[in-house]
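There are 2 protein chains.
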Amino acid sequence: MKQHTIGFVGLGRMGSNMARCLNDQGYQIAALFDLQHDIAAELAAELDATAYSTLAEVTAHADIILTIVTDDQAMDAIFFGEDNLFTGAENRTFINCATLTPAIHTKLDKAAEAVGARCLEACMASSIPQARNGELFLMIGGNEADFNAHKPLLDDLSKALHYVGAAGKASEVKALVNMVMNINTAALAEGLGIGDALGIDLKMLCDIFSQTGANSRVLETDAEDMIQRDHECYFSAAHAAKDSGIALSLAASHGIQTPLAQATFEQYSKLTEAGKGELDKSGIAELTFQGRS
Amino acid sequence: MKQHTIGFVGLGRMGSNMARCLNDQGYQIAALFDLQHDIAAELAAELDATAYSTLAEVTAHADIILTIVTDDQAMDAIFFGEDNLFTGAENRTFINCATLTPAIHTKLDKAAEAVGARCLEACMASSIPQARNGELFLMIGGNEADFNAHKPLLDDLSKALHYVGAAGKASEVKALVNMVMNINTAALAEGLGIGDALGIDLKMLCDIFSQTGANSRVLETDAEDMIQRDHECYFSAAHAAKDSGIALSLAASHGIQTPLAQATFEQYSKLTEAGKGELDKSGIAELTFQGRS
Numbered sequence: 001m002k003q004h005t006i007g008f009v010g011l012g013r014m015g016s017n018m019a020r021c022l023n024d025q026g027y028q029i030a031a032l033f034d035l036q037h038d039i040a041a042e043l044a045a046e047l048d049a050t051a052y053s054t055l056a057e058v059t060a061h062a063d064i065i066l067t068i069v070t071d072d073q074a075m076d077a078i079f080f081g082e083d084n085l086f087t088g089a090e091n092r093t094f095i096n097c098a099t100l101t102p103a104i105h106t107k108l109d110k111a112a113e114a115v116g117a118r119c120l121e122a123c124m125a126s127s128i129p130q131a132r133n134g135e136l137f138l139m140i141g142g143n144e145a146d147f148n149a150h151k152p153l154l155d156d157l158s159k160a161l162h163y164v165g166a167a168g169k170a171s172e173v174k175a176l177v178n179m180v181m182n183i184n185t186a187a188l189a190e191g192l193g194i195g196d197a198l199g200i201d202l203k204m205l206c207d208i209f210s211q212t213g214a215n216s217r218v219l220e221t222d223a224e225d226m227i228q229r230d231h232e233c234y235f236s237a238a239h240a241a242k243d244s245g246i247a248l249s250l251a252a253s254h255g256i257q258t259p260l261a262q263a264t265f266e267q268y269s270k271l272t273e274a275g276k277g278e279l280d281k282s283g284i285a286e287l288t289f290q291g292r293s
Numbered sequence: 001m002k003q004h005t006i007g008f009v010g011l012g013r014m015g016s017n018m019a020r021c022l023n024d025q026g027y028q029i030a031a032l033f034d035l036q037h038d039i040a041a042e043l044a045a046e047l048d049a050t051a052y053s054t055l056a057e058v059t060a061h062a063d064i065i066l067t068i069v070t071d072d073q074a075m076d077a078i079f080f081g082e083d084n085l086f087t088g089a090e091n092r093t094f095i096n097c098a099t100l101t102p103a104i105h106t107k108l109d110k111a112a113e114a115v116g117a118r119c120l121e122a123c124m125a126s127s128i129p130q131a132r133n134g135e136l137f138l139m140i141g142g143n144e145a146d147f148n149a150h151k152p153l154l155d156d157l158s159k160a161l162h163y164v165g166a167a168g169k170a171s172e173v174k175a176l177v178n179m180v181m182n183i184n185t186a187a188l189a190e191g192l193g194i195g196d197a198l199g200i201d202l203k204m205l206c207d208i209f210s211q212t213g214a215n216s217r218v219l220e221t222d223a224e225d226m227i228q229r230d231h232e233c234y235f236s237a238a239h240a241a242k243d244s245g246i247a248l249s250l251a252a253s254h255g256i257q258t259p260l261a262q263a264t265f266e267q268y269s270k271l272t273e274a275g276k277g278e279l280d281k282s283g284i285a286e287l288t289f290q291g292r293s
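Respectively, the protein sequence lines represent chains A and B. Per my numbering, the very first residue in the first sequence carries number 1; after that it's consecutive. Per my numbering, the very first residue in the second sequence carries number 1; after that it's consecutive.
A couple of the hints might just be wrong.
Here's a subset of chain B near chain A, in silico, CB distances under 10 angstroms, partners left out [unchecked claim]:
hint : residue
1    : M14
2    : A74
3    : V115
4    : G116
5    : I128
6    : M139
7    : E172
8    : V173
9    : N182
10   : L205
11   : S216
12   : L250
13   : S253
14   : I256
15   : P259
16   : T288
These are calculated hints, taken from the structure and not from any lab test. Note that beta-carbon positions come from the ideal geometry of N, C-alpha and C, so glycine has one too.
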């Protein structure tokens with residue numbers, strides 16, 4: 001695997017740190033691309049890589065290309081735009097790490113096959129430090145043989161690796177994970193917001209939550225931040241709205257009523273529309289604590 | 001403490017098993033009362049106690065009286081009805097274990113003082129087996145000196161004991177615990193219901209939930225039951241609706257918007273109105289799995 005040349009497209013905090021992680025482990029990071037060329041150039045200097053100004057050049061100079069973009073539209077642009085990654089892509093493998101709709105992964109999968117390339121979807125349920133340290137939680141969709149062929153690299157990026165099924169399935173699972181996480185976060189924000197208004201000691205309340213049926217992972221990760229109003233972004237409110245929205249579409253397409261997911265989507269959308277979309281998801285507490293909004 | 005005589009009012013599964021638990025530990029269970037007299041008579045035979053047909057007789061024959069009734073109305077009836085527990089109640093202690101509104105506990109506290117009795121609210125976040133084994137999770141509201149005076153008995157009933165504050169505060173905390181628990185349960189039901197419709201392996205999905213931000217206590221306790229449709233009742237959907245309703249009132253009285261609690265209340269009310277209020281809270285999955293309702 002390490003004789004391969006690696007490319008990265010989309011050098012936000014996740015992408016940059018995944019590139020650093022693989023570089024540390026002896027992979028040759030050959031080709032970098034970001035719409036903000038200076039970011040790519042800076043990282044290229046750091047990793048002894050090359051920043052290219054076209055996507056076709058990335059494909060030309062790397063065997064395995066990881067893409068980490070923000071949404072379906074950006075994904076469509078890098079694969080189907082005028083300058084795109086499928087140009088000369090025979091035998092290339094694309095590992096697509098953004099949380100997108102299942103539909104775009106299915107579309108990509110077919111288009112890749114037509115040009116003799118491979119696509120894997122790699123959905124991440126982790127954040128920046130895990131990206132940097134090769135400790136991502138990864139859910140992989142796509143052809144199982146392709147998954148097995150790239151397992152060493154995926155292992156080097158992750159501490160938990162799940163092959164979930166065909167293209168699109170990992171996005172489905174990821175959307176459900178984030179949907180449930182977002183609802184639990186919104187629930188916690190309501191519980192703490194009411195508790196605060198009632199003059200209940202919130203540290204004691206969290207302690208009781210943790211010992212009862214109210215316990216949750218987000219209680220561990222977000223309660224203190226909600227109380228302290230420390231909303232430094234690990235997973236943004238805007239992303240929470242997006243992912244809950246994807247889950248809502250999946251539910252609607254199968255005729256399933258999901259009022260909780262809907263209410264959570266509306267809360268995160270409200271936060272985003274109020275210009276607070278770049279707060280961490282814990283920022284939803286801004287809507288439920290008296291005097292905060 | 002064990003030289004005291006103990007009375008129980010309300011001999012549902014929780015009350016009966018708390019009485020058995022204290023009896024096992026050497027307390028003298030002296031007086032029992034239930035609206036269904038045959039239930040009281042049967043338990044009296046088992047515990048060598050006496051079943052009385054009036055509440056005043058319970059007060060006459062017990063120093064410490066535990067009440068476990070279903071709602072505010074029942075609570076009002078046993079303390080303020082024509083035949084009531086406050087008759088001759090000087091120096092009696094009432095430990096009130098139902099999840100009720102904070103308001104009724106405040107009202108009781110004042111009324112008890114007027115007749116020279118004491119009230120403690122003892123909110124339980126546990127179920128039948130914990131009641132039977134003296135392993136309740138108890139949150140106590142009321143006068144702190146009264147709490148300390150009755151701590152040995154409360155310890156014998158519980159494995160976790162929290163003094164929460166003045167009368168009414170324990171109910172507030174309990175309502176928030178159950179509100180968050182109910183929302184997390186509703187969230188899980190939506191996640192699994194969509195996953196099922198998408199043909200995702202639900203065991204894998206639960207495994208992934210457990211390793212990510214979607215993890216929660218209710219994932220451990222309710223996911224398997226939702227998948228198997230095993231809704232044997234530990235905490236009923238009707239109770240879930242009631243407790244979420246209490247939390248909604250608390251929120252409304254402080255002007256806090258709680259759309260998640262509202263949506264959850266509506267789901268549990270819908271289930272109850274459909275005649276499924278006696279299903280366990282996990283029964284909410286009946287509303288989110290295709291072909292179940």
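| Violations among the numbered hints | 1, 2, 3, 4 and 5
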